Amino acid sequence: MSRWTIPLMPAQHAYPHDDARFRLAIASAGIGMAIVSLQGRFVDVNPALCRMLGRDSEELVGRLLHDFSHPDDLPLTERLCASLAAGESPSIEAEKRYLHRDGHVIEVQLTSALMRDADGAPQYLISQLRDVTAQRTAERALRDLNEHLEQRVRERTAELEEARRRMEAFAYGVSHDLRAPLRAIDGFTVQLARQAEALDEQGREQLSRIRGASVRMGGLLDSLLELARIGRAELRPARVDVSLLADWAAAELQDAHPDRRAVVRVQPGLEAVGDERLLKALLTQLLRNAWQFSASRDAVEVDVEGERRGHGLHLVVRDRGIGFDMAYAGKLFEPFQRLHGSDQGAGHGIGLTIARQIAARHRGRIHAEGVPDRGASFHVELLDLPLPADDTPAHEGRGWGAA
Amino acid sequence: MSAKMAKDILLVEDNPDDAELTRIAFAEAGIDFRLHVVGDGVQALGYLRGCSTSELPSLVLLDLNLPKLNGREVLEAIRADPATRHLPVVVLTTSAEPSDVDTVYELGANSYIRKPVDFERFVEVVRQIGLYWLALNQPPGKA
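In order, the protein sequence lines correspond to chains P and Z. In this text, residue positions in the first sequence follow the numbering used here: the first is 19, and each later residue adds one. In this text, residue positions in the second sequence follow the numbering used here: the first is 7, and each later residue adds one.
Keep in mind the hints are simulated off the structure, nothing from the lab. Keep in mind the model is a prediction, meaning the values are calculated, not measured. For glycine and all other residues, C-beta sits at the position ideal for the given N, C-alpha and C. Don't take every hint at face value.
For each label pair, taking beta carbons as the anchor points, the in silico distance ranges come out as [unchecked claim]:
1. P:His397 x Z:Gln134: 18 to 28 Å
2. P:Thr175 x Z:Tyr111: 30 to 40 Å
3. Z:Pro104 x P:Arg327: 28 to 38 Å
4. P:Gly287 x Z:Gly36: 46 to 56 Å
5. P:Arg326 x Z:Tyr111: 34 to 44 Å
6. P:Arg183 x Z:Pro73: 19 to 29 Å
7. Z:Pro104 x P:Gly287: 49 to 59 Å
Straight-line Cα separation of at most 20 Å, SDA-like style, residue types lysine to any residue; simulated pairs [what the hints assert, rightly or not]:
8. Z:Lys74 x P:Asp195
9. P:Lys298 x Z:Pro104
10. Z:Lys74 x P:Ala198
11. Z:Lys74 x P:Lys298
Please construct the entire structure, taking both the sequences and the accompanying hints into account.
The structure is reproduced here in structure tokens:
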């Protein structure tokens, strides 16, 4: 390794601080400035540098820069000086640490230039030292904060993941452990009903109420589970024929209620890019809702319409049921919020929450418009989900619903 | 359904209410059978290992949430043993977790049926299980 081997400067050499203007420029500079001999000694220092190091000029002049440098930076100092002396560059810039009189570390942005005489012989160094301690401290604090934040985010993510797992375990427990006693209630009620001749009319009616309640509760548990599942289901985006799904959901409802007269008009050719299973569930929920709240009508009448808007589908499901008061429109999609009693067709109060959840998973929204006794319409905005890379683009002909 | 030969069914069910309801449902469905009930997975495997080939049940009805060995572990053990590898196993449970369904088929279940809450529908489910597995289905090695 090269030592600092700059040729000695003749002692009688004239320093530039003989020049009054030059001296004034250095003295009045806002940043630390120094004339440094080729041996590395302070020849002259300005007041800003004195303040920076917490020392008088008398304490500095004649002393080696080394004496005030952070010990860890000495190899760096030597490298820089060697580079300057070798004439590799007219000036160098570096960040170095110095020590204040009271011992604290000062971080300095150092610029040094080698001055040469008319013959090109090195004469001395002019160094500018800018105190960047506050800036570096702030940057480190920010970096620490960022790392801390990232750590916090990791921790919180892990906590959320854990909470989600617990939630899943809970949903599973609800499914299994609450259904089992419910099945026992229903099953043994049926056994009891076999001996119903021992009961009077009121007793038989009460038995039938128990059965009704247990079956309703079973449906409620199923709805809660479906809601939990939709929130965490893995999306499988594909081109979906929404019209076909609407017809399918309507056919299933008709099968479940063969005595109910229903007219479901579905606009053909409604298309979306989404999860087919979830979109089917969405249509089932909306149609069932229309179905339920048309209980007092001679026939269920529903229109399913829509149009492509940008990269999505605007879907409308319109019924002619009992409608609702717009004052309560915000409550419709909240779980367990019901605007009507079960005598008017109300279900578990989860169906529309499921519908909203499905719309949300398609980056969409849902809202309802209603007029009491005139009907309700549900507007769903579905944004197309990104298709897997190997799928052909949506506008390439009519490949919809092939999956 | 006219086969007069008695059929053995092994029901693995820890909940006595469920076991009793299943027994009643089989009786109501009019299935000609002998129902053996065990309350956990260890007992289930013990029962099967105690059977000679001709004594093996025609069907195992397996719940998933069981004490000691759960239903998945029982199924794995049944499939790992050459003596019971081909035994028809119908998972009969209250869970309808898609992950359970997939796991259970992965482990070699023959069928997965969720018990409905409504008892009358359960009787219908049991009737169809009996019809299919005990009358229609031709099991291996028993012909």
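Okay, the hints, checked on the actual structure:
Taking the beta carbon of each, His397 (chain P) and Gln134 (chain Z) are about 42 Å apart, not inside 18 to 28 Å as hinted. For the pair Thr175 (chain P) and Tyr111 (chain Z), the supplied restraint of 30 to 40 Å holds, since their beta-carbon distance comes to about 32 Å. Checked against the hint of 28 to 38 Å, the C-beta distance between Pro104 (chain Z) and Arg327 (chain P) comes to roughly 32 Å, which is consistent with it. Between Gly287 (chain P) and Gly36 (chain Z) the Cβ separation comes to about 50 Å, which falls inside the hinted range of 46 to 56 Å.
In this structure, Arg326 (chain P) and Tyr111 (chain Z) meet the distance hint of 34 to 44 Å, their C-beta atoms being roughly 39 Å apart. Arg183 (chain P) and Pro73 (chain Z) have their C-beta atoms about 23 Å apart, which keeps the hinted 19 to 29 Å range intact. Separated by about 31 Å at the C-beta atoms, Pro104 (chain Z) and Gly287 (chain P) break the suggested range of 49 to 59 Å. The straight-line distance between the Cα atoms of Lys74 (chain Z) and Asp195 (chain P) is roughly 17 Å, inside the 20 Å bound, and the hint therefore holds.
At roughly 17 Å between alpha-carbon atoms, Lys298 (chain P) and Pro104 (chain Z) fall within 20 Å of each other, so this suggested pair holds. Between Lys74 (chain Z) and Ala198 (chain P) the alpha-carbon distance is near 19 Å, which keeps this suggested pair within the 20 Å criterion. Pair hint Lys74 (chain Z) plus Lys298 (chain P) does not hold up; C-alpha atoms about 40 Å apart against a cutoff of 20 Å.
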